[in-house]
Amino acid sequence: MPPDQWNAVALDSQIRASSSNPVIVNDYAVALWRSASGQVNAWEDRCPHRGMRLSLGFVEGEQLRCIYHGWGYAPDGQCRQIPAHPDLTPPKTICARRHAVERRYGLIWTNLADDPQAALPDLGADEGWVAVRSIFLTGGVQEARKAVAGDLAEWDGTVSDGDVVTLEMPDGTRLAAAFQPVDAGSTGVHFVARGPAATAEGRHGLARQVVQLRNRIENN
Amino acid sequence: MTITLHDYSLSGSCYKVRLMLGFLGLDYDRRQVDFYPGRQHKRPEFLAINPLGQLPVLEDDGLVLRDAQAILCHLANRYDGGGTWLPRDPARFGPVMMWLMFAGGELMAASSARLHDVMSYDLDIDAARRSARAAFRVLDDHLTHREIDGATWIVGDHPTIADLACFPYVALSGDGGIGHEEYPAIRNWLREFRKLPGFHAMSGIPEYV
Amino acid sequence: MTATTDPVARNEWIACGWLGQIRPGASHDTMVLGQPIRITRKAGDGYRIAEIGEDGAEGRELPVQTRYTCIFTTLGEPSRPLPEIAEFDEPDRIVVGCGNVGVNTSPYRLVENFLDMAHFSFIHVDTLGATDKTEVLAYRTEHRKDVDEIWAVDCTFFQPAASKAVKGGQMTRYQYRVMSPFSVMLYKNISEDSDRNDAICVFIQPLTETRCLAYMPMAIVDNENTAADIADFQQSIFLQDRVILENQRPALLPLDPTYELPTRADASSIAFRRWLKAMDIRFGIYEKQAA
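Those protein sequence lines, which keep their order, are chains A, B and C. Take 155 as the starting number for the first sequence in my numbering and just add one per residue. Take 20 as the starting number for the second sequence in my numbering and just add one per residue. Take 1321 as the starting number for the third sequence in my numbering and just add one per residue.
Read the hints as simulated data drawn from the structure, not as lab findings. For clarity, every value in this text was computed on a predicted model and none was experimentally measured. Treat the hints with care, since some could be wrong.
To be verified - Not the full set, but computed from the structure, chain B residues with beta-carbon under 8 Å of chain A: (1) R37; (2) D160; (3) T163; (4) H164; (5) D168; (6) D176; (7) P203; (8) A204; (9) N207; (10) R210; (11) Y227.
What the hints assert, rightly or not - Below, in silico cross-link-like pairs of lysine-lysine (DSSO-like), each with a Cα-Cα straight-line distance of 30 Å or less: (12) C/K1465 x C/K1597; (13) C/K1465 x C/K1362; (14) C/K1484 x A/K246; (15) B/K61 x C/K1465; (16) C/K1597 x B/K214; (17) C/K1487 x A/K246.
Unchecked claim - Chain C stretches covered by chain A per the calculated footprint, using a threshold of three residues with CB under 8 Å from any CB of chain A: (18) 1562 to 1569; (19) 1573 to 1584.
C-beta atoms are modelled at their ideal positions from N, C-alpha and C, and glycine is treated no differently.
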């Protein structure tokens, strides 16, 4: 049973309209896809037909199409077209497995539990958060969180440790690091910021600092 | 005056040249080289054309050129009147060259991983994948900053031979067991490249975008 | 993995090398069904195959056959001979092998992909399929009990460029033949002479349950193209399929018909899975390994 837990899996700005993307959460493969109109979906990365990864598929309008046979799935998961049989209405049993997905704080979050009850981490108001960048660290999520919190503690400002690690910077900028447990050997860390540094110039600076953080952690 | 490409369909390096010829709308003759399993590129007849025993080789109006990156420079220099694929201004020429060398250098580790997995080349696969991932990270870091600027391409506002040279072995890396999960900016760049007018896929790169 | 104990898999002939791969006097180490083996080419054209023990020394000697450009062996006592494919004996055909290609998946995913026509329009665009002609017309499947083979007959599909020799689109007629869990072939009618079909095989060497080498011997009717051109065409097709094969989850084949949902176009895959289930093969089967 997957834990009832929200994990950040990408920066919202990096999941483009009409794209399907591979994301791994706790060894489980997710196809994170965005329709042409901008709706985000997190599905099991497996076509119900012949097991093909849907993250390699393509998006056509509001449908995700499997690359193998072109089967088309609507956002409700239902298969709507089977090109091998153009006149066939696909049976209701052909349905992709969907997972809970939310957009907040400039991040995309998913919860793999069958019946999610947990609340999203609370970072206050949703407005004003912008993407900084994502990094991937070697090692499991506990190890990565500890390393990131430890490194941020050396920056100017005040660190709050939690599911999301945040840093209040002296200029009033708030930097947040949200964690994606990939597998035992890899963790994604997605950084977003709010406040004075949430400008293009500020984001360049923060992104460079995050890369330096990654390099310091890896050299330790 | 005809252009002749000594070519192998499954070679990512040959694909660089085919893509460039396609983008420039140039006709050419193809000489099929049996790279695998025939190893025709190591036979005396081919070594007479390229003593390094590597594909691709381009013959153009008396010139015999080896090295995909050198061939891209030649084609852009000679046939791209607008100069968009190989910008000459100082702000862009140097960066384009830098990423072009990266494509022929560090990124080729991804080609090694592919040769191992597909054609059973005897090499250190873990080392090849590690090196390829290190190179992908350098490219993803760069493209992340380009995204912050609202830009799409490696250098400037248009695709250049830097994008073209980096594209094949990054796009084909799954063939060598290297996924794109950890490289969101690379994924977006690959998708935009595949949408370019005149783009054509090769085996290992899906036709649909 | 260690060598499989599955008697069904062990009692099949399995391709393990291609003619020309090993120089006279040299040897090549590889694996079948998890069992390391050494193939030695004798001074002439003969081959010797032996298991390699945990100590690295050669152990039990294994049977050898060379046919259809390939070297075959078996770990057990084969219940069936190598298949007869008469096309390879016709002197005016071009017979081509393509070396082998590594694929990280189970052998049956390879067989099923080879049997499948519905992917032509998406994976083999402009050669074996056209984006606007995706329909798979009804065809028949048969379990030929006398030879214990699965056949799919009366198959047709619109193809823009069915082979290296064909110029222009046409309805291509196919027959598919599964000769063993690890070997499959098709007869493809592309010439004007309806009696002369191209014969294209895939012989699979399962190194482990989820890593294979695929051999693609072909006996082709073609007066224009060289063997290298034909091999290039076939390799290009196969590397388009390889992306699919390496990205199917799970890699092992599920036989539970509710786990992966078929449609009419999958009749050959349905027949193949039933046949595997009936023979009770365990090697490379999802449920057998999960249990």
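Here's how the hints hold up against the structure:
| no. | hint | result |
| --- | --- | --- |
| 1 | R37 | violated, 22 Å |
| 2 | D160 | holds, 6 Å |
| 3 | T163 | holds, 5 Å |
| 4 | H164 | holds, 6 Å |
| 5 | D168 | holds, 7 Å |
| 6 | D176 | violated, 16 Å |
| 7 | P203 | holds, 4 Å |
| 8 | A204 | holds, 7 Å |
| 9 | N207 | holds, 6 Å |
| 10 | R210 | holds, 6 Å |
| 11 | Y227 | holds, 4 Å |
| 12 | C/K1465 x C/K1597 | holds, 15 Å |
| 13 | C/K1465 x C/K1362 | violated, 38 Å |
| 14 | C/K1484 x A/K246 | violated, 41 Å |
| 15 | B/K61 x C/K1465 | violated, 48 Å |
| 16 | C/K1597 x B/K214 | violated, 44 Å |
| 17 | C/K1487 x A/K246 | violated, 42 Å |
| 18 | 1562 to 1569 | holds (count 5) |
| 19 | 1573 to 1584 | holds (count 6) |
Taken one by one, the earlier hints fail for this structure at numbers 1, 6, 13, 14, 15, 16 and 17, listed in ascending order.
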